[in-house]
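**Student:** Numbered by this note's numbering, the letters in the sequence shown go through residues 4 to 305 in order.
Here are the simulated distance ranges between beta carbons:
hint: 1; residue 1: G303; residue 2: M159; range: 39 to 47 Å
hint: 2; residue 1: D210; residue 2: D179; range: 26 to 34 Å
hint: 3; residue 1: A168; residue 2: R300; range: 28 to 36 Å
hint: 4; residue 1: D29; residue 2: D186; range: 42 to 50 Å
hint: 5; residue 1: V11; residue 2: M159; range: 32 to 40 Å
hint: 6; residue 1: A178; residue 2: G131; range: 31 to 39 Å
Calculated from the structure, these hints are not laboratory results. Quantities reported herein were computed from a predicted structural model and do not represent experimental measurements. Quick reminder that beta carbons are idealized off the backbone N, C-alpha and C, glycines included.
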Amino acid sequence: MDKGVAEVLIAEFDTHWDPDLWGKRDELKAQIASAKAIVVRNGTKVDVDLLDAAPNLKVVARMGVGLDTIDVEACKARGIEVCPSIGANAVSVAEYVIATAMVLLRGPTYYATADVAGGAWDRPKFAGSTEIAGRVMGIVGFGSIGQVVGEKARGMGMEVIAYDAMMPGDHPAWADARRVELDDLVAEADVISLHCPKLPETIDLIDKRQFGRMKPEAVLINSARGGIVNEADCSAALRAGEIAGAALDTLDVEPITPEVGALFQRIENLILTPHVAGVTKESNRRIAEVAAENVRRVMGQG
4 MDKGVAEVLI AEFDTHWDPD LWGKRDELKA QIASAKAIVV RNGTKVDVDL
54 LDAAPNLKVV ARMGVGLDTI DVEACKARGI EVCPSIGANA VSVAEYVIAT
104 AMVLLRGPTY YATADVAGGA WDRPKFAGST EIAGRVMGIV GFGSIGQVVG
154 EKARGMGMEV IAYDAMMPGD HPAWADARRV ELDDLVAEAD VISLHCPKLP
204 ETIDLIDKRQ FGRMKPEAVL INSARGGIVN EADCSAALRA GEIAGAALDT
254 LDVEPITPEV GALFQRIENL ILTPHVAGVT KESNRRIAEV AAENVRRVMG
304 QG
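All chains should be modelled from the sequences, with the hints used to inform the complete structure.
**Tutor:** Next up, the structure:
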């Protein structure tokens with residue numbers, strides 16, 4: 004949690020602040036025994052086991068938007084409000100998507116450092132292949148983050164198409180994107196960016212069948228949740244040249260297992276990052292401020 008925001012909470016409430024507490028389960032359960040509020044990121048499992056240790060809990064403030072590490076139904080049954088920091092890291096994620104898409108579309112251009120430093124000047128080898136302007140951005144999940152991605156994509160001269168299974172057809176957001184079905188999106192888009200939650204129906208949403216529908220020059224970016232992309236199928240598609248590149252900021256198991264690591268070895272057109280698309284100095288402060296305000300609101304109601 005941003006230090007400045009944490010210090011304000013500490014001044015307002017009887018607060019225990021330990022950035023490493025998520026990794027000390029027994030201590031966490033001891034601390035939460037008397038707590039009315041808990042502020043977490045995605046490393047803390049707020050499950051029935053933890054909730055049973057927190058009889059006084061009123062609010063779970065999530066610094067971020069994904070709720071797959073929180074048993075929302077169990078919280079609801081106990082009258083505990085779950086408050087994600089919706090929209091607070093949207094700009095950071097959107098910038099990650101656009102920057103990563105540009106790198107992937109330019110192909111080998113950004114891997115020339117060693118050659119150039121060694122005196123080589125092989126321009127054909129490192130010439131970029133595709134501009135982002137004029138390409139089609141396909142957004143899967145057109146909520147708060149997806150909409151900001153669309154806004155920035157349009158600013159880069161892209162056409163925006165989107166698929167969202169939950170958003171009604173008369174939602175105002177559709178004024179800024181052409182609504183399509185998922186199969187049509189993966190077949191038409193040059194950049195496919197995922198922004199849907201991890202639910203039973205979205206696990207392996209992008210699998211062998213969908214990779215087979217993509218353009219060979221298309222790139223895939225997952226900054227949503229691990230498990231939405233079938234990792235073995237993604238590796239196979241990259242190695243077979245079915246798509247031009249992929250960036251995975253989230254994976255099914257984090258940190259990844261040796262078996263998954265082996266899947267992705269020696270794939271040049273792949274970018275792996277450790278779940279940091281939405282993490283910048285600015286977004287860290289914004290999500291902390293939203294989380295702190297949610298704590299104040301619920302505690303004030305109490």
